[in-house]
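A.B. asks: Starting from the known structure of chain Y, arrange chain R on it as the hints suggest.
Here the protein sequences line up with chains Y and R, keeping their order. The numbering of the first sequence is our numbering, which starts it at 1 and goes up by one. The numbering of the second sequence is our numbering, which starts it at 362 and goes up by one.
For the record, the hints were derived by calculation from the structure and aren't laboratory data. Please read these numbers as outputs of a predicted model, since none were measured by experiment. Hints are not guaranteed to be accurate.
[Stated by the list, open to error] Partial selection, computed: residues in chain R whose CB lies under 8 Å from chain Y: (1) Glu-370; (2) Gln-371; (3) Pro-372; (4) Gln-379; (5) Asn-395; (6) Tyr-444; (7) Pro-463.
[Unchecked claim] Derived CB-CB ranges, DEER-like: (8) R:Gly-384 with Y:Thr-323: 38 to 48 Å; (9) R:Ile-449 with Y:Tyr-154: 48 to 58 Å; (10) R:Ala-489 with Y:Val-341: 26 to 36 Å; (11) Y:Asp-346 with R:Ala-489: 22 to 32 Å; (12) Y:Ser-32 with R:Asp-450: 50 to 60 Å; (13) Y:Thr-323 with R:Leu-606: 35 to 45 Å; (14) Y:Glu-206 with R:Asp-453: 32 to 42 Å; (15) R:Arg-378 with Y:Asp-255: 38 to 48 Å; (16) R:Ile-449 with Y:Glu-206: 22 to 32 Å; (17) Y:Asp-221 with R:Gly-384: 44 to 54 Å.
Note that CB positions come from ideal geometry on N, CA and C, so glycine has one too.
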Amino acid sequence: MGNNPDSGQTNDQSNDQNSDQAYLPDFCATSSVFIIVLLAEIIAILLTLAGKPAPGEFMIELAKISLFVLWQALLSALVMCSFRNQLESRGKTQAFIVSFAVLLVMSIVLAEAAYQTTKIFGELVIINDTHSGFVLRTVGISSIVIALTMRYLYVSSEWRRSIALEAQARIKALQAVIRPHFLFNSMNTIASLTRSDPRRAEEAVEDLSDLLRANLGGSGDRTSLKAELEVAAIYQRIEKLRLGDRLNVRWDVADLPMRALIPSLVIQPLLENAIYHGIELIPDGGDVDISGKRDGDFLHISISNPVAKGELRAKGGNKMAMTNIQQRFSLVYDSRATVDVDASDDRFTVKLRFPFEEKRA
Amino acid sequence: MKVLIVDDEQPARERLRQLVSDGGQHEVVAEAGNGEQAIALATQHNPDVVLLDIRMPGVDGIETAHHLNAMDTPPAVVFTTAYDEYAIDAFDARAIGYVLKPVRRERLERALEHAARISGQMLNQLTAETNLKSRRQHVCTREQGELRLLPIADISHFIADQKYVTVHHSGGNSLIDDSLKQLEEEFSEAFVRIHRNTLVALQQIDRIEKTEDGKPALILRNGQGDGGDALIISRRHLAEVRRRLKGS
Numbered sequence: 001m002g003n004n005p006d007s008g009q010t011n012d013q014s015n016d017q018n019s020d021q022a023y024l025p026d027f028c029a030t031s032s033v034f035i036i037v038l039l040a041e042i043i044a045i046l047l048t049l050a051g052k053p054a055p056g057e058f059m060i061e062l063a064k065i066s067l068f069v070l071w072q073a074l075l076s077a078l079v080m081c082s083f084r085n086q087l088e089s090r091g092k093t094q095a096f097i098v099s100f101a102v103l104l105v106m107s108i109v110l111a112e113a114a115y116q117t118t119k120i121f122g123e124l125v126i127i128n129d130t131h132s133g134f135v136l137r138t139v140g141i142s143s144i145v146i147a148l149t150m151r152y153l154y155v156s157s158e159w160r161r162s163i164a165l166e167a168q169a170r171i172k173a174l175q176a177v178i179r180p181h182f183l184f185n186s187m188n189t190i191a192s193l194t195r196s197d198p199r200r201a202e203e204a205v206e207d208l209s210d211l212l213r214a215n216l217g218g219s220g221d222r223t224s225l226k227a228e229l230e231v232a233a234i235y236q237r238i239e240k241l242r243l244g245d246r247l248n249v250r251w252d253v254a255d256l257p258m259r260a261l262i263p264s265l266v267i268q269p270l271l272e273n274a275i276y277h278g279i280e281l282i283p284d285g286g287d288v289d290i291s292g293k294r295d296g297d298f299l300h301i302s303i304s305n306p307v308a309k310g311e312l313r314a315k316g317g318n319k320m321a322m323t324n325i326q327q328r329f330s331l332v333y334d335s336r337a338t339v340d341v342d343a344s345d346d347r348f349t350v351k352l353r354f355p356f357e358e359k360r361a
Numbered sequence: 362m363k364v365l366i367v368d369d370e371q372p373a374r375e376r377l378r379q380l381v382s383d384g385g386q387h388e389v390v391a392e393a394g395n396g397e398q399a400i401a402l403a404t405q406h407n408p409d410v411v412l413l414d415i416r417m418p419g420v421d422g423i424e425t426a427h428h429l430n431a432m433d434t435p436p437a438v439v440f441t442t443a444y445d446e447y448a449i450d451a452f453d454a455r456a457i458g459y460v461l462k463p464v465r466r467e468r469l470e471r472a473l474e475h476a477a478r479i480s481g482q483m484l485n486q487l488t489a490e491t492n493l494k495s496r497r498q499h500v501c502t503r504e505q506g507e508l509r510l511l512p513i514a515d516i517s518h519f520i521a522d523q524k525y526v527t528v529h530h531s532g533g534n535s536l537i538d539d540s541l542k543q544l545e546e547e548f549s550e551a552f553v554r555i556h557r558n559t560l561v562a563l564q565q566i567d568r569i570e571k572t573e574d575g576k577p578a579l580i581l582r583n584g585q586g587d588g589g590d591a592l593i594i595s596r597r598h599l600a601e602v603r604r605r606l607k608g609s
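Bound conformation, chain Y alone:
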């Protein structure tokens, strides 16, 4: 199983999906504040350099400008942090226009306040400029910085959104799909039973519907082991109608905690594989063994099927389903889960090992 070195992957993805509509970052988060301070300092250095400080005065100039710029930046963050929810609830364009206006007004107020403050403490000559000159310069610089920041946030939110969509599409694509072979054969079985055994035909239609619903429903989320095994059992019932005595599934899963979480549609496709590549190719059929046990914080589930003589080399389709499941396991668990295949002389076994996790209340 491929170990993914990027251990943050799953978390990032779930965040992206949860905050599908969030285009403004969380300005209250420590990491955001840190970046804001960093950006503010960069702007301060830029302004100091542009102001052509007297020799030896650079640090003092920088300190003065930093003081003002940091005030501006941190107050802006505070404003954005407190109004984020209101802003998010509006349309994207509106939110950006409103925040631009609010931040600009705030920056003017702050410039005015700064000017008045230095006037009171007249001794400290911090601002060598006329009143209007200082405020106007602040408005100019602020509007450019705010506009650039807005633009950056907009673009990066679009970018994040497309990444999230891509990830979702990938999970969707990875999701095992019912084989058309199975679907059409089941329909044929139902068509046959409609006359000979309407009662069973009825049940088969119900089972098939449940199975299709399960296949259409989950979007790569995890489900309880109970629900997952139920889907596999329904699938088994349908196949049993078709294959009769040739199919025998032995379940040994009593040891598994049924409330545990498992990526949805893993067991059923593996059972489908076991039947399609194993049982169906053996004239007399055989036993599929599904067993599970708990080992501390990990769960083990194995599915094994007999293999027809000369069929041992896994075929393309089989490998595809396996890769699919491996990729989904690594998306969900990173390297904490393993999917192993054991193809001995006469049996093909898939072994899953994944952490025991429960749904959080």
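C.D. replies: Chain R alone, transformed into the frame defined by chain Y:
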């Protein structure tokens, strides 16, 4: 027409039987659950049409069709299949009769009316194009007019004389219709040509020895070639035989 139904799934056979008898024009003479049974029943009942499922365990539909085609009066074959992309494409290309599951009554009746006999050549092309088991797992022999399937694994070698090819297997010798050239192409992985008229299963070869007059010959695991009928390796094939023996 007399119809033979072949499908490994009971409900599928049942449905075909219902549909055929609904039409009232044709008669189901037998049902088979696998390829081997199908061949036995076909020789017994001489059906006009065989409705043949493709995906079956053991001898699959395509292989069964090959063997049915070797009968003296081969039945027409209509394949039934749920979903085999490649097979369907191949059928369309060769205009070979097939019906898709779930089977529609009109479609089945049309297929029965049009049931055309499949030539060996068409089948060979079909085998090449379908992504199912492309190689046969059995050869078909005839003993007193009865078809018998001989698993490839039981065969030690084929020997061609003027007219026939004799297959030597664990149960003795039998005559088959295939030519040595065909067999060599089809089973090139498991068999090696050692002489113009001899094809031997690699698995069965024990060693190479010199005969009394100094020619290289094969000794098989079952002891054949030792004594009586030597399996002479011709000079032209010797290098290839050595290479294949080392490789396996």
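A.B. asks: Now look at each hint and say whether the structure bears it out.
C.D. replies: Now the hints, each set against the structure:
Interface hint status for Glu-370 (chain R): upheld, as the beta-carbon distance to the closest one in chain Y is roughly 5 Å, under 8 Å. At about 6 Å, the closest approach between the beta carbon of Gln-371 (chain R) and any beta carbon in chain Y falls short of 8 Å, and the interface hint on this residue holds. Hint status for Pro-372 (chain R): holds, given a least beta-carbon distance of 4 Å to chain Y, under 8 Å. Given hint, Gln-379 (chain R) at the interface with chain Y, holds; its Cβ is 6 Å from that chain's nearest Cβ, closer than 8 Å.
With 8 Å as the threshold, the beta carbon of Asn-395 (chain R) comes within range of chain Y, its nearest partner Cβ sitting at about 6 Å, so the hint holds. At its closest, the beta carbon of Tyr-444 (chain R) sits 4 Å from a beta carbon of chain Y; the interface hint therefore holds under the 8 Å criterion. Hint status for Pro-463 (chain R): holds, given a least beta-carbon distance of 4 Å to chain Y, under 8 Å. One distance hint, 38 to 48 Å for the beta-carbon pair Gly-384 (chain R) and Thr-323 (chain Y), holds here, with the actual separation near 46 Å.
A C-beta distance of roughly 51 Å is found between Ile-449 (chain R) and Tyr-154 (chain Y), which places it inside the suggested range of 48 to 58 Å. In this structure, Ala-489 (chain R) and Val-341 (chain Y) meet the distance hint of 26 to 36 Å, their C-beta atoms being roughly 31 Å apart. Taking the beta carbon of each, Asp-346 (chain Y) and Ala-489 (chain R) are about 30 Å apart, inside 22 to 32 Å as hinted. For Ser-32 (chain Y) and Asp-450 (chain R), the Cβ-Cβ distance of about 57 Å falls inside the hinted range of 50 to 60 Å, so the restraint holds.
Under the hint 35 to 45 Å, the C-beta atoms of Thr-323 (chain Y) and Leu-606 (chain R), about 37 Å apart, fit the expected range. In this structure the supplied range 32 to 42 Å holds for Glu-206 (chain Y) paired with Asp-453 (chain R), their Cβ-Cβ distance being about 35 Å. Range check, Arg-378 (chain R) to Asp-255 (chain Y): Cβ separation about 45 Å, and the 38 to 48 Å hint holds. Our hint of 22 to 32 Å for Ile-449 (chain R) and Glu-206 (chain Y) holds, since their Cβ atoms are close to 30 Å apart.
Taken as a hint, the range 44 to 54 Å holds for the pair Asp-221 (chain Y) and Gly-384 (chain R), whose Cβ atoms sit roughly 50 Å apart.
Comparing the model with each earlier hint shows no violations; every hint is respected.
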